[in-house]
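Chemist: One line per chain: the protein sequences are A and B, in this order. One point on numbering: in this note's numbering, the residue at position 87 of the first sequence is 87, and numbering is uninterrupted. One point on numbering: in this note's numbering, the residue at position 3 of the second sequence is 3, and numbering is uninterrupted.
Keep in mind that the hints were calculated from the coordinates and are not lab data. Here the structure is a predicted model, which means the values were calculated and not measured. Please note: incorrect hints may appear among the correct ones.
What the hints assert, rightly or not - So the derived label-pair ranges between C-beta atoms look like this:
| # | chain 1 | residue 1 | chain 2 | residue 2 | range |
| --- | --- | --- | --- | --- | --- |
| 1 | B | LYS65 | A | VAL113 | 43 to 51 Å |
| 2 | B | GLU54 | A | GLY40 | 28 to 36 Å |
| 3 | B | PRO109 | A | LYS14 | 29 to 37 Å |
| 4 | A | GLU56 | B | PRO109 | 40 to 48 Å |
From the three backbone atoms N, C-alpha and C, an ideal C-beta is built for every residue, glycine too.
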Amino acid sequence: DTGVSQDPRHKITKRGQNVTFRCDPISEHNRLYWYRQTLGQGPEFLTYFQNEAQLEKSRLLSDRFSAERPKGSFSTLEIQRTEQGDSAMYLCASSLVTGNTIYFGEGSWLTVV
Amino acid sequence: AQRVTQPEKLLSVFKGAPVELKCNYSYSGSPELFWYVQYSRQRLQLLLRHISRESIKGFTADLNKGETSFHLKKPFAQEEDSAMYYCALSAPNAGKSTFGDGTTLTVKP
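Assemble the whole structure, with the sequences as input and the hints as a guide.
Modeler: Shown next as structure tokens:
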């Protein structure tokens, strides 16, 4: 297992378009997290899943954002009607339920032009 | 509300000098505290967590509940320690972690 993987690594899109990011967690991890990071700031929590259940969502996650983890394995994060303010690195991470050590992916860079 | 403050954006020391990266937090209760590190062109990874009370790569961090601080220290910095360091906290067994904005450490030869 090579760790948490994310796809695509980079995405450039026009304002108003929809984008989707995929995350494959470490196989035995039942928790999966999404964070957003902009330049000069630390990761900001967006949402997390335990198996297929979405247990917490940040207020940062507006109605244009939706995340799913349909079978408790991989997850997708979709952003509808993208805005320039959505430009950021979207980080996925995973962990076991017991213990809070989370393992990050390399992130997906989004640029909205 | 959970909050983590890292007052120094940039920190530069010479090789062999002691280094301390500051972290202050606000949280009602007893949080779990972490230091994460991101080396150049690598993913963010856990460096240490306070409940482990361990030393990783020569780094230690002491939780001071009175001052609500969790500073990261190393007595003799090495060039390979140059990286971005993030302090983070979470409620026990919670999903959400709150990160500081990071400190970029540069160790000069």
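Chemist: Return holds or violated for the Cβ distance of LYS65(B) and VAL113(A) against the range 43 to 51 Å.
Modeler: 47 Å, holds
Chemist: Does 29 to 37 Å hold as the CB distance between PRO109(B) and LYS14(A), or does it fail?
Modeler: At 46 Å between Cβs, range violated.
Chemist: Can you tell me whether the CB distance of GLU56(A) to PRO109(B) sits inside 40 to 48 Å?
Modeler: At roughly 45 Å between Cβ atoms, PRO109(B) and GLU56(A) fall inside 40 to 48 Å, so the hint holds.
Chemist: Within 28 to 36 Å: is that where the Cβ-Cβ distance between GLU54(B) and GLY40(A) falls?
Modeler: 30 Å, holds
In the structure shown, a violation is registered for the earlier hint numbered 3 alone.
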